[in-house]
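Asks: Chains as they are written, first to last, in our numbering: chain V, 95 to 372; chain R, 39 to 630.
You may find that some hints are simply not true.
Here are the computed distance ranges between Cβ atoms for each label pair [claimed, not checked]:
id : chain 1 : residue 1 : chain 2 : residue 2 : range
1  : R       : Gly103    : V       : Leu114    : 26 to 32 Å
2  : R       : Ser552    : V       : Gln202    : 32 to 38 Å
3  : R       : Gly458    : V       : Trp173    : 24 to 30 Å
4  : R       : His316    : V       : Leu129    : 42 to 48 Å
5  : R       : Thr143    : V       : Gln202    : 27 to 33 Å
6  : R       : Pro147    : V       : Leu200    : 29 to 35 Å
7  : V       : Trp173    : R       : Asp140    : 47 to 53 Å
8  : R       : Thr226    : V       : Leu114    : 44 to 50 Å
9  : V       : Leu212    : R       : Arg101    : 38 to 44 Å
These are computed hints drawn from the structure, not numbers from a lab.
By construction, the Cβ of each residue, glycine as well, lies at the ideal position given by its N, Cα and C atoms.
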Amino acid sequence: MSKIDYWRWLAEPQTRQGALITLLVVALALFGPLLAPHGSTDMVGPVYGAPVGGGLLGYDFLGHDVLSRLLSGGLSVLWMSVAAASIALAVGSSLGLLAGLSRRRLDQLITWLADVSLAFPDLILVLLIVSMLGRAPWLIVLTVAIAFIPGVIRLARASAVSVAGQEFVEAAQMMGYSRRRILFKEILPNILTPLLVHFGNMLTWGVGMLSGLSFLGYGVAPPTADWGLMINENQAGLLVQPWAVLAPAVLIGVFAYGTNILAEGIGRSSARMGEKQP
Amino acid sequence: MNAISQGTTTVLQVSDLRVELAGQVDVLSGVSFSLQAGEILGLVGESGSGKTTLATALLAHARRGARIVGGQVQIAGHGLLSLEGEALRRARGSLIGYVAQDPATALNPALRIGNLLRETLAVHPLQLNKAAQAQRIIDTLHDVGLPHDAEFLRRFPHQLSGGQQQRVMLALAFVLRPRLIVLDEPTTALDVTTQAHILATLRRLCKSQGVAAVYVSHDLAVIKDLVDRVMVMYAGRIVETATRDALFARPAHPYTRGLLAAIPDVAGRRELLAIGGHAPAPGQRPAGCSFGPRCERFRPACAQAEPLLQATATGHEVACLSPHDQPLQRVALTPIAAVATRTEAALLEIDGLNVAYDRQVLFDVSLKLHAGECLALVGESGSGKTSLARAVAGLGENAEGQLRYAGQPLPLQARQREAGLRHQIQYIFQNPYRALNPRHTVYQTLSAPLEHFFGVTGQAARQRVEAVLARVSLPASVAQLYPHSLSGGERQRVAIARALLCEPKLLICDEITSALDVSVQASILELLRQLQRDGLTLLFVTHDLGVVRAIADRVLVLKVGRVVEQGAVDSVLDQPQAAYTRTLLEHSPTLA
Numbered sequence: 095m096s097k098i099d100y101w102r103w104l105a106e107p108q109t110r111q112g113a114l115i116t117l118l119v120v121a122l123a124l125f126g127p128l129l130a131p132h133g134s135t136d137m138v139g140p141v142y143g144a145p146v147g148g149g150l151l152g153y154d155f156l157g158h159d160v161l162s163r164l165l166s167g168g169l170s171v172l173w174m175s176v177a178a179a180s181i182a183l184a185v186g187s188s189l190g191l192l193a194g195l196s197r198r199r200l201d202q203l204i205t206w207l208a209d210v211s212l213a214f215p216d217l218i219l220v221l222l223i224v225s226m227l228g229r230a231p232w233l234i235v236l237t238v239a240i241a242f243i244p245g246v247i248r249l250a251r252a253s254a255v256s257v258a259g260q261e262f263v264e265a266a267q268m269m270g271y272s273r274r275r276i277l278f279k280e281i282l283p284n285i286l287t288p289l290l291v292h293f294g295n296m297l298t299w300g301v302g303m304l305s306g307l308s309f310l311g312y313g314v315a316p317p318t319a320d321w322g323l324m325i326n327e328n329q330a331g332l333l334v335q336p337w338a339v340l341a342p343a344v345l346i347g348v349f350a351y352g353t354n355i356l357a358e359g360i361g362r363s364s365a366r367m368g369e370k371q372p
Numbered sequence: 039m040n041a042i043s044q045g046t047t048t049v050l051q052v053s054d055l056r057v058e059l060a061g062q063v064d065v066l067s068g069v070s071f072s073l074q075a076g077e078i079l080g081l082v083g084e085s086g087s088g089k090t091t092l093a094t095a096l097l098a099h100a101r102r103g104a105r106i107v108g109g110q111v112q113i114a115g116h117g118l119l120s121l122e123g124e125a126l127r128r129a130r131g132s133l134i135g136y137v138a139q140d141p142a143t144a145l146n147p148a149l150r151i152g153n154l155l156r157e158t159l160a161v162h163p164l165q166l167n168k169a170a171q172a173q174r175i176i177d178t179l180h181d182v183g184l185p186h187d188a189e190f191l192r193r194f195p196h197q198l199s200g201g202q203q204q205r206v207m208l209a210l211a212f213v214l215r216p217r218l219i220v221l222d223e224p225t226t227a228l229d230v231t232t233q234a235h236i237l238a239t240l241r242r243l244c245k246s247q248g249v250a251a252v253y254v255s256h257d258l259a260v261i262k263d264l265v266d267r268v269m270v271m272y273a274g275r276i277v278e279t280a281t282r283d284a285l286f287a288r289p290a291h292p293y294t295r296g297l298l299a300a301i302p303d304v305a306g307r308r309e310l311l312a313i314g315g316h317a318p319a320p321g322q323r324p325a326g327c328s329f330g331p332r333c334e335r336f337r338p339a340c341a342q343a344e345p346l347l348q349a350t351a352t353g354h355e356v357a358c359l360s361p362h363d364q365p366l367q368r369v370a371l372t373p374i375a376a377v378a379t380r381t382e383a384a385l386l387e388i389d390g391l392n393v394a395y396d397r398q399v400l401f402d403v404s405l406k407l408h409a410g411e412c413l414a415l416v417g418e419s420g421s422g423k424t425s426l427a428r429a430v431a432g433l434g435e436n437a438e439g440q441l442r443y444a445g446q447p448l449p450l451q452a453r454q455r456e457a458g459l460r461h462q463i464q465y466i467f468q469n470p471y472r473a474l475n476p477r478h479t480v481y482q483t484l485s486a487p488l489e490h491f492f493g494v495t496g497q498a499a500r501q502r503v504e505a506v507l508a509r510v511s512l513p514a515s516v517a518q519l520y521p522h523s524l525s526g527g528e529r530q531r532v533a534i535a536r537a538l539l540c541e542p543k544l545l546i547c548d549e550i551t552s553a554l555d556v557s558v559q560a561s562i563l564e565l566l567r568q569l570q571r572d573g574l575t576l577l578f579v580t581h582d583l584g585v586v587r588a589i590a591d592r593v594l595v596l597k598v599g600r601v602v603e604q605g606a607v608d609s610v611l612d613q614p615q616a617a618y619t620r621t622l623l624e625h626s627p628t629l630a
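Whole structure, please, built from the sequences with the hints as guidance.
Replies: Right, here's the structure in full:
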């Protein structure tokens, strides 16, 4: 990867937009706790109190300030989705590369395993593991990552197969370079772009899945502030105090939108770079 | 209908055609010419000369990013550039046909041959009933030399050979009886024998049906027996137009002469002369004559104004201030002394090599390669020449047999060879666009084998890389670049440089010039010749007998996996013993 590539990515307006939106949400989640007027677990107002005066977004089912919980509740969902997507990317692309280059029994085994786990609905798999083993954050991250890995394997394998057939890989094999070197130095840089785009998509799905888990009651434990959990907690008061549900839902949506068009923009500009080469 | 002169009809009239990229950068400018019915025009130029842009502009099409901004294209009296939508779609096909370069990708693999032809007829309002349609298809298939029984019509494109596929493309163009047909290098993917047959068919069809044709090619030798007139393009301009005989006998433009001097000729060995420098990219043309910086007849006046196309006394039209007017002196066939001095010890011995995938591609092939010589492996596609080369390189799978290198047994798999041996045998691939990792700079590509084989890094590696770049005639600044900013010839030089850094004794070249322009090919062949003089042994795989004549000391002819003839180049090519070699020679394009 070169510096030039990053600049080319930023030349795409969509990439800039996506990066800006994503950064804004991340900044909100990172620095939000410092800006919050109240502690996230302080009960400061009436239950389902409407937005008046100090509480811009009103109060939730226990009388917490919604704005404060909103500002404090992003960090957990963001770091968990980033962690899950990163683990899935690292493990999945290594396995996919290995499968793509070996193209024999190892390939069959890895592809078969990926296919079997793809046949399992993601959310059910995660629910199963979390309900059996508990809801420690690292466990949730791990299970979400496991749900993502088969998709990354398929993508990395498919991209690697098309690159592995090219002569520069054969040249490397003929020189007798080690397999690890061929995988990570010759092939990986050439399939990094689709993988990064997929990483962006996984962030989006991860936020959705983690919020879903919280909503179902398997994610972050109350009373911790968490966007997904907030939607769950306050659904009963949706008609009385809609902000307690809408505000976290909107932020999740905005983050998903940002990462999504960021990924799309990167994909577009590298497709354009590819065109230049015969 | 347009002007009628001497009883022939002008079919195509192009005037002042101009195609631009964004930002008013012209790819093509000031192109005017006309064609009579039945006349075949050869459109010749190297990559980037704008010949394909011109060919597609004749169909009122410009590739993405380009725009036809000015000029006229009149076909049989219809102004094609003013047509739009439905009318343009009807004109394409019925007035003007197009045959693409690669039939394997141009034919829809999901449609049967019969359906392809029927569909083509159906979308054009010809008022043919079913029986007349079927008859038209049968006639056309007969004309292009294909079987026309029901069984053949039910076949899919992948069930045909490359030559048959290209004949189907011809049938698709001719079935609508167009007035003009545009062919974009339709035989580059084909063997010489097939190519000769297709060209003969094309010429017969054009003459008998009175169809004008524009044949785009980068190789003057290929079109010599096909065309009536030749138009040479350089940097988006026509630089010379002449009848075939006049052009080959006394080429007027220095560029045309340069092209002719760069083409290796199967008829006799001679020194190939590359044209120095590069063709300018669109938007980077020098002031005045675009060819000026590469021209040996350059005068200060050449840089003042762009020379216009002017008729000369010899019947040429040429855009040059000082055109040649002498007949072309065939460079005397000064035989280059064989570089190799025959030694008894063979560097490489192959004994009883068999290679089989789903079918057997090599049968008991044995050969000896002496140190310092250049052995050419020649054959058509499917002859097993590449399988043989790959087996020697250790890339072959499913190979059996004995290899001996410098007297020692050599394992068939590169992985089983010792590192000390591996660097001595290097392989250069056919396609320079896929042989270099697009995400590595040239320096990264070149320094990797240094570190791998010799543990050389840092400043020492940088020095060696610079030295090897100089050896393959590339500037040292290339080291910072990525492959996509290099031309095909430059990439192939980098690939050769990578092989040279491994300090090889044996260099295997697999059709390494077939993707390159003739003038670039000439310079690469000269480089290889130089390397051979420095003591390198070459195994050169090619299908082009002209290249064999230019570079090889000995030649080995392969036919469907078996050696049919081998010997010294001049004796094999001058007195071929095997019937197969004679057929190959007969169909090889030649300038003589």
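Asks: If a hint holds in the structure, say so; if it doesn't, say that too.
Replies: Here's how the hints hold up against the structure:
no., hint, in the structure
1, R:Gly103 to V:Leu114: 26 to 32 Å, "holds, 29 Å"
2, R:Ser552 to V:Gln202: 32 to 38 Å, "holds, 36 Å"
3, R:Gly458 to V:Trp173: 24 to 30 Å, "violated, 51 Å"
4, R:His316 to V:Leu129: 42 to 48 Å, "violated, 60 Å"
5, R:Thr143 to V:Gln202: 27 to 33 Å, "holds, 31 Å"
6, R:Pro147 to V:Leu200: 29 to 35 Å, "holds, 31 Å"
7, V:Trp173 to R:Asp140: 47 to 53 Å, "holds, 51 Å"
8, R:Thr226 to V:Leu114: 44 to 50 Å, "holds, 48 Å"
9, V:Leu212 to R:Arg101: 38 to 44 Å, "holds, 40 Å"
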